[in-house]
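Enquirer: Those protein sequence lines, which keep their order, are chains E and V.
Residue numbers for the first sequence follow my numbering, beginning at 1 and rising by one.
Residue numbers for the second sequence follow my numbering, beginning at 1 and rising by one.
Keep in mind that the hints were calculated from the coordinates and are not lab data.
Each hint should be verified, as a subset may be incorrect.
Since the list gives no way to pick out one identical chain from another, each pair is judged satisfied if it fits inside one copy or across any two copies.
Claimed, not checked - Pairs of lysine to aspartate or glutamate, DMTMM-like flavour, derived with a Cα cap of 20 Å:
| hint | residue 1 | residue 2 |
| --- | --- | --- |
| 1 | LYS299 | GLU79 |
| 2 | LYS299 | GLU211 |
| 3 | LYS208 | GLU370 |
| 4 | LYS76 | ASP302 |
| 5 | LYS327 | GLU79 |
| 6 | LYS299 | GLU185 |
| 7 | LYS308 | GLU185 |
| 8 | LYS308 | GLU370 |
| 9 | LYS120 | GLU328 |
| 10 | LYS299 | ASP124 |
| 11 | LYS208 | ASP115 |
| 12 | LYS292 | GLU79 |
| 13 | LYS315 | GLU244 |
| 14 | LYS327 | ASP200 |
| 15 | LYS54 | ASP200 |
| 16 | LYS208 | ASP124 |
| 17 | LYS10 | ASP115 |
| 18 | LYS10 | GLU240 |
| 19 | LYS292 | GLU362 |
Quick caveat, the model's predicted, so the values are computed rather than measured.
Protein chains: 2
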Amino acid sequence: MTAFQFELLKTTKTSRGTARRGRVHTAHGVIETPIFMPVGTVGSVKAIRPDLLKSEMKAQIILGNTFHLYLRPGHKQVEQLGGLHRFMNWPGPILTDSGGFQVFSLAKLRKMSEDGVTFKSPIDGSSHHLTPEFSTQIQHSLDSTITMAFDECTPFPCTHAQAAESMRLSMRWAKRSRDAFVQREGYGQFGIQQGSLFEDLRRESTEKLLELDFEGYAIGGLAVGESSEELHHAVPMAAEMLPEHKPRYLMGVGYPSDIIKAVMAGVDMFDCVLPTRNARNGMAFTCEGVIKVGHSAHKLADIPLDPKCDCHTCKNYSRAYLHHLHKEDEILGHMLLTQHNLHFYLQLAQTLRDAIEAGTLEQVGNALLEHYR
Amino acid sequence: MTAFQFELLKTTKTSRGTARRGRVHTAHGVIETPIFMPVGTVGSVKAIRPDLLKSEMKAQIILGNTFHLYLRPGHKQVEQLGGLHRFMNWPGPILTDSGGFQVFSLAKLRKMSEDGVTFKSPIDGSSHHLTPEFSTQIQHSLDSTITMAFDECTPFPCTHAQAAESMRLSMRWAKRSRDAFVQREGYGQFGIQQGSLFEDLRRESTEKLLELDFEGYAIGGLAVGESSEELHHAVPMAAEMLPEHKPRYLMGVGYPSDIIKAVMAGVDMFDCVLPTRNARNGMAFTCEGVIKVGHSAHKLADIPLDPKCDCHTCKNYSRAYLHHLHKEDEILGHMLLTQHNLHFYLQLAQTLRDAIEAGTLEQVGNALLEHYR
């Protein structure tokens, strides 16, 4: 078996920090970084066959949501059926979140304590109690390649005092998550740095996480309502505190432009529902910006979504056809747009990896930023 | 270019008539018969990528609906975009219905005359007038490989007088459809035999159609509410009147058992929304009958839908996973069940073709009928 390990292949300085080309070795395969992770919330990357996700879209790792999978079908059922990889026919690496973010999104349906969070299921109203230990156990049952520590998602905006209190609770929970994690060859657990936009708190958080010696570190509490300027001020500040020889994951980010900037600042891993969710709303990411396929301008457009794209959708279908499928709300429309958008995000990651290797990330990144949102 | 031609390869007697193994040569490729045609109502076989429909499900010809495509995106638009084959990325043969069946389904929204049918669009309430000539022109614009004559779908039940009147109108419309059809190398037009369950009317209808020398003949007006016994009494009676050296198409039929019986009676071509529509309702056709994946019995079933099936779905996913996708209403669930059901129908056609070639259809067909609905 492979040890879980981050191999740092190359670094390159940019105006935003030190970008990195790396390789994460796991029990379920190798991940070339920087990488984007498609989101498979309930055990399915929506509208995409997992074999094609790999063979055609070149996905290397996907994300599963602990909260959703715990509620349905249930982690014990997934465990009984051989784990999430086998259940959903995705043999590659899987990262699961801790469930914290979703639970905190329930607002009035949840109640927090030092021990954890009690919440009511949005499916059937039943009562549940999630703790750092239980979240870690659920992720173990799912057979997650990368387990995330259980944390509180600090609300935004918040005062320094609120951010400090929330971060310190998350750090106590990080310790309990780490203690509950069962080490297995090729599996890893990531701690999550918090502290909102406050540098001193992010530094304190980082120090506490480093004591626990996680296999990787996430930057949490961003992409929660702050401005783009605030986000891209915080990312380099947060990233440069993290250890060089561990992978860095910026949670829930984001637009192509956000990913480019964060890679330039030294982030390795990303996840976001934008490419999949926006696809189902008829929005395509292209080298010339976002295209809404439902717009009447595309009714007779006998050209691909993105003339520079070599994905299955762009090679075989016109904007006019995608416009028609969108108007008819045909499932094939969701499938083809999702395929394009995931290809776009994964191809972007490939372009950024190539640019780091070639030492041209500053120019390549800035050139892409002229077109991408 | 290829002439449109039906090559009769072999016949074999059964208890239901004379079954046939044939080959239809068209401008868009060869169709091995008997064959099932997946339905692509608005220019998409729902939830299936057309390239996989061919490469994985072995579809040879698909069906498009003139009524739907006329209303949206419009036949002129499809023509401008290179025809339906190019528009939807399906280079193989396409059969289009005449639009008659859908128009007559509109009930109070339509008004009939000798000339044709006036109806209101269910999309925007606009008024339209469909005639044999116009239906034929629309299908020409769509670049349909096989054009269907415009007919009235005789209601069921009906008196002999009603059936006669309706059939004779359809035969006058068949003449006008034939006159409006532009002959092109490798393209064909099928006339539709009517007459409800009355043998003398079906014979009169057949005689009138034969005068027009269509490239193929359909059996219409069945699967509209009659009992299974009535259907399978009518099919052999209707089929044996039709010329031996032209393809025979039983419209809108049906369940696997219906197809087996009709093939034994000498029918060559079938279409039905059952495999695709039922898939989206969580119903799978298997060698042991219909399975409802949403049933709690499948919650932990770590076995394929159909242990004898070698489709992509059965090779890679458990019933438990399909059950979960169904409960979550995940698009992937629709995709995987549709893939299985179409594979099942197309594999059934392959099995029947093989049995005819081997001269074992009587035994093979009856054995299948013990399990299939």
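Enquirer: Of all the hints numbered above, which does this structure not satisfy? Sort the numbers upward.
Expert: 2, 3, 6, 7, 12, 13, 14, 15, 16, 17 and 19
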